[in-house]
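*Asks:* This is what each chain is made of:
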Amino acid sequence: MNNCNIAEQQNKLAHIMERIVASYDEATPKIHHLDRMPLPSREDAAAIMEALEEIVYPGYYSAGGVTHQGIIYRVQERIGWLFEHLRDQISKGLRHMNLLDGELSLAPDATSEDCAYMFLESLPRLRRRLAEDIQAAYDGDPAAGCIDEIILGYPAVYAITAYRAAHELHRMGVPLLPRMLTELAHSRTGIDIHPGAQIGESFFIDHGTGVVIGETTIIGDNVKLYQGVTLGALSFPKDEKGRLIRGHKRHPTIENDVVIYSGATILGGDTVIGQGSIIGGNVWLMESVPPGSRVAQAEPKPRFLEPHEELQEV
Amino acid sequence: MNNCNIAEQQNKLAHIMERIVASYDEATPKIHHLDRMPLPSREDAAAIMEALEEIVYPGYYSAGGVTHQGIIYRVQERIGWLFEHLRDQISKGLRHMNLLDGELSLAPDATSEDCAYMFLESLPRLRRRLAEDIQAAYDGDPAAGCIDEIILGYPAVYAITAYRAAHELHRMGVPLLPRMLTELAHSRTGIDIHPGAQIGESFFIDHGTGVVIGETTIIGDNVKLYQGVTLGALSFPKDEKGRLIRGHKRHPTIENDVVIYSGATILGGDTVIGQGSIIGGNVWLMESVPPGSRVAQAEPKPRFLEPHEELQEV
Amino acid sequence: MNNCNIAEQQNKLAHIMERIVASYDEATPKIHHLDRMPLPSREDAAAIMEALEEIVYPGYYSAGGVTHQGIIYRVQERIGWLFEHLRDQISKGLRHMNLLDGELSLAPDATSEDCAYMFLESLPRLRRRLAEDIQAAYDGDPAAGCIDEIILGYPAVYAITAYRAAHELHRMGVPLLPRMLTELAHSRTGIDIHPGAQIGESFFIDHGTGVVIGETTIIGDNVKLYQGVTLGALSFPKDEKGRLIRGHKRHPTIENDVVIYSGATILGGDTVIGQGSIIGGNVWLMESVPPGSRVAQAEPKPRFLEPHEELQEV
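Chains as they are written, first to last, in the working numbering: chain A, 3 to 316; chain B, 3 to 316; chain C, 3 to 316.
If you are wondering where the hints come from, they were derived from the structure by calculation, not from laboratory data. Don't take each hint at face value.
Copies of the same chain look alike in the list, so a pair counts if it works inside one copy or between any two.
[Unchecked claim] Okay, derived cross-link-like pairs now, DSSO-like style, lysine-lysine, Cα gap no bigger than 30 Å in a straight line: (1) Lys14 / Lys251; (2) Lys303 / Lys251; (3) Lys32 / Lys14; (4) Lys240 / Lys303; (5) Lys14 / Lys240; (6) Lys32 / Lys303; (7) Lys32 / Lys240.
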C-alpha cells in the first residue's frame, strides 16, 4: 500500500519526530512529565478500583469462584495486592507534591505505607457505610428488584464507592489519586463527586447522569438526589492579583432527610437546605431554605402555542 | 522501598484481612455473595453485548474479516457462543431468584435453554426493528453523513440495541441480566432506559446524554427524543407499611410521531402525550396534552441585567 | 446442564443461524457491512486516541518508563505506529466514501499517506493549543490542585484533545474517523462535540456531563462552558422532497471571552453571543445578545408550597 519508498518515509517521520519532541520544551504550560518519578496513571486508578470492589463486594465477580473459602483466598490476595499498589501510588503522588513544593520528604516511603495501612483498616467501616447506602437505594427506588441488582448494576453504587474511598485518601492528604478515582467514576457513571465533599450516611443518587457535587459541599444523612442535580459554587473569590482563592467553602450544605429532584441546582457556600426539605425538579436556589420546606419551580405551567405561532425550539 | 520488615508487614495485613472478612457477616444489609451459585457479572454482560453486536451488525468489527464468507463463519461461531453464555447467565439468574423466593426450581436448566433459544429466534425481528431505528436516526439528524457513521458511533444505536435485547429477555422473565445490559449501555452512552419500558418502531435519541426512560413508560412509533429528556415517575405509592409498591404504572405514555426536545421532563403514569405533539426544550409536564399539541416553556425570555445588578449564578 | 442431546441442539442452532444470516439481506436499511473493504472500527479509534495521548502528553502513562530518554524512545515508536494506523484507517474511510459515491479513487493510498503526514506535522501546533486549554482549566477551576491533576483526570482534557485531533482530520476531508473519535470521547466524558465545530484558543469545559456542541458551531477564544450546556440547532431546513439539508449553519456563534453557566441552551445559526457576555445557568436563548451582556433566567425565584399544596414533582 505504500508508494513512498521506505527510506523517504523514515526520513519524513524522523523530521516529524524531531519537531514533536522539540515542542515538549516549548509548550506553555509544560504538558509533559519527563525526568520525574512516575505519576499515578489512569490504569493504576482503575486497577485499584477493581481490587477495592472485589474486597468490598466479594462474590460478585467472576474471579470470585464458587465456594465461600475460594472467595476468601481471592480476597486475601486482593488485600495484599491493594496494599502494595496503594502504597506505591501514594508514594508517587507524595514525591510529586514534594517536588512541586521544592522540598524532598525525608522518608516518603514510611508515610505512604502508613496511609496504605490506614486505608485498609478503614475498610470494615467503609463497608458498613456502603451497605447503608445500598439499603437507601433499595428503599428509594421502586424499580429495584433486589439488593444484588443494585450492587451489580446501579451507577450510584460505583460512584459512591469510589467517592467514599477517595474521600478517605483525601482526608489523609494523599494527592492526585483521590481525584483520579472520582473522575474514573465520573467517566463510568456521569456522576461527578469531588473527593473533598463530605457526605453522611444512607446516601442515594437515582439515575445519576449529570450530578455534580462540588469540593466543599456538606451533605447530611438520608439524602436522596436525582439525575442532573448540581450542588455548585456561587462566584469564585479572587485574591489581589486576580488569581482564584482555592479551598474556600463555595458549595452548599444539605441537611439530613432532604430529597432533591432531577435537574435542580443549589449554589453557594452559605446556602443551607434545611432538614427534611423537598426540592422539586429544575428548581434554582441561591439562598437557604428553612427545615421542612417544599420548594417547586417558579412557573411550572408550559404554554400551548396557537396554530399561527412558531415552535422554534429544537 | 519498604522499611517494615516483611514479617511485620505480613502480620499487620493478616490482622487487617481478618477484620475485613469478619465484616462480611456484620454489614447490614448483606453486600457479599458467598455460598451461592455465581451471579451474572458485569464482564459477562459486556461479553454478551459484544457478541450480540457482531451478530446484529456483522462486518463492522475488526474480527469480522474481509470476505462475506469469513464474516459468516465468525457470526456462526458467535451465535453458538451467545447461546451457551446466555443460557448460563440466565440459569445463574433463575437459580438466584429461586433461592430468594425459597423454592428450588425442578429444572432451571430447561427453562434457561428455552429462553436462550427464544432469544436467538427473535434476532431476525430485532434486526428489522433496529434497522428502522437507524433509518430514523439518519432521517432525523442533519449531521449524519451515512448509515455506517450511525452504526459505528451513535450512542443511540448502542443504547437502543441494548434496550431491545434486554426488553426481550425481560419479557421472558429473565432476572438481573436485562438490567445489567441497560446499565452497561447507560454507562457507555449516558442514556438510561429501563428494560421494562415498551418502545415502538423507528425510535431515535439524538445526543442522548442524560435521557431517563422509566420502567413503566410506553412509547409509540416514530418518536424522537433529545438529550436530557426525562420520562419519569410522579410520586411513589406506598403500602400500609410505608414500603414502596413496585410494578405500578408510574411513567408516562408517549403516542406516535411525538418529538421531545432537550431537557424536557414528562412525569406520571396517567400522563399521555398525544399523537403528533411537539414538546419544546426544558418543558415540564405533569398532565396529558391532546394530539397535535405544540408546547413551549412558560417563560422563555431571559432577563438582561442592569450594570448595578449582580449575576450571581455560577 | 444440558438436557437436549447435542445433535438436537446443533440442529436447532443451525436453523437459527440460517434465519439470522438470511435477515442480513432482508433488513432495510442494510445494517451489515459485507463484501466491502473493512471500515474503521471502534477499537481502531480507541487505539489511535491512546497513541495520540502518549505523544501529546508524554510521561503520563505507565508505559512511559522512568527516564527522559526512555520516554522519547517510546514516543518515537508511537509516532511510527500512529502514522501507519492513521494511514490505514483513513484509507479505509476514503475507499468507503468512494464506493458510496460510485467512483473508485485512482490512488487512495497516496491521499491517505498525505493526510497521515499532514496530521502528524500538525501535532506541535495541536500541543500548543492544548497547553493553552489546560492553562484555561487551571485558571478557571478553584478545585484544581495542579496542572498534572488536570491532565491525568479532567474530562475536558480528553474531550478537547479528541475534538482538536478530529477537527484536524475533518478539515482534511477524512470521513468516519473524526466522528468516531469524538463519539469515543462522548462515551468517556459525556461531552459531545461534533468534529465540524470551530473552537478557538484557551477553551475550558468544567464538569462537562451533558454538553452538546453542534456541527456548525463557532466558538472564539477564552470561552468557558459548564455542564449541561447545549449549543444547538434551531429548526432543520428541508428540501422540496422533505429531506434534511445537510451542512447549513444551524448552530450559534460564541464570541471571545464568553462564560456560559450550567444547563444553558443557545440555539440557532444566526444567534451570536457577543464578546465578553456572561450567560447564566439554565438560560434559554434563541436570539443574539450584544457584547458585554449579562443574562439571567427569566424567573429564578422558586415557590414555597403551603402545607395544603402538593409537591407533585418526582
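*Asks:* Is it within, between, both or neither when you check Lys14 against Lys240 at 30 Å Cα-Cα?
*Replies:* neither (48 Å within a copy, 46 Å between copies)
*Asks:* Could you place Lys32 and Lys303 in one of the four classes (within, between, both, neither) given a Cα distance threshold of 30 Å?
*Replies:* neither (52 Å within a copy, 44 Å between copies)
*Asks:* Please sort Lys32 with Lys14 into within, between, both or neither, judging by C-alpha distance up to 30 Å.
*Replies:* Classified as within: same-chain Cα gap 26 Å, cross-chain 42 Å, threshold 30 Å.
*Asks:* Within, between, both or neither: how does the pair Lys240, Lys303 come out at a Cα-Cα threshold of 30 Å?
*Replies:* So Lys240 and Lys303 pass the 30 Å test across copies only (28 Å; inside, 40 Å).
*Asks:* At most 30 Å between alpha carbons: which applies to Lys303 and Lys251, within, between, both or neither?
*Replies:* between (35 Å within a copy, 23 Å between copies)
*Asks:* Checking Lys32 and Lys240: alpha-carbon separation at most 30 Å within a copy, between copies, both or neither?
*Replies:* Answer is within; shortest intra-copy Cα gap is 24 Å, inter-copy 48 Å.
*Asks:* Which holds for Lys14 with Lys251 at a C-alpha limit of 30 Å: within a copy, between copies, both or neither?
*Replies:* Classified as neither: same-chain Cα gap 54 Å, cross-chain 38 Å, threshold 30 Å.
Going down the numbered hints, you'll see the structure goes against 1, 5 and 6, while the others check out.
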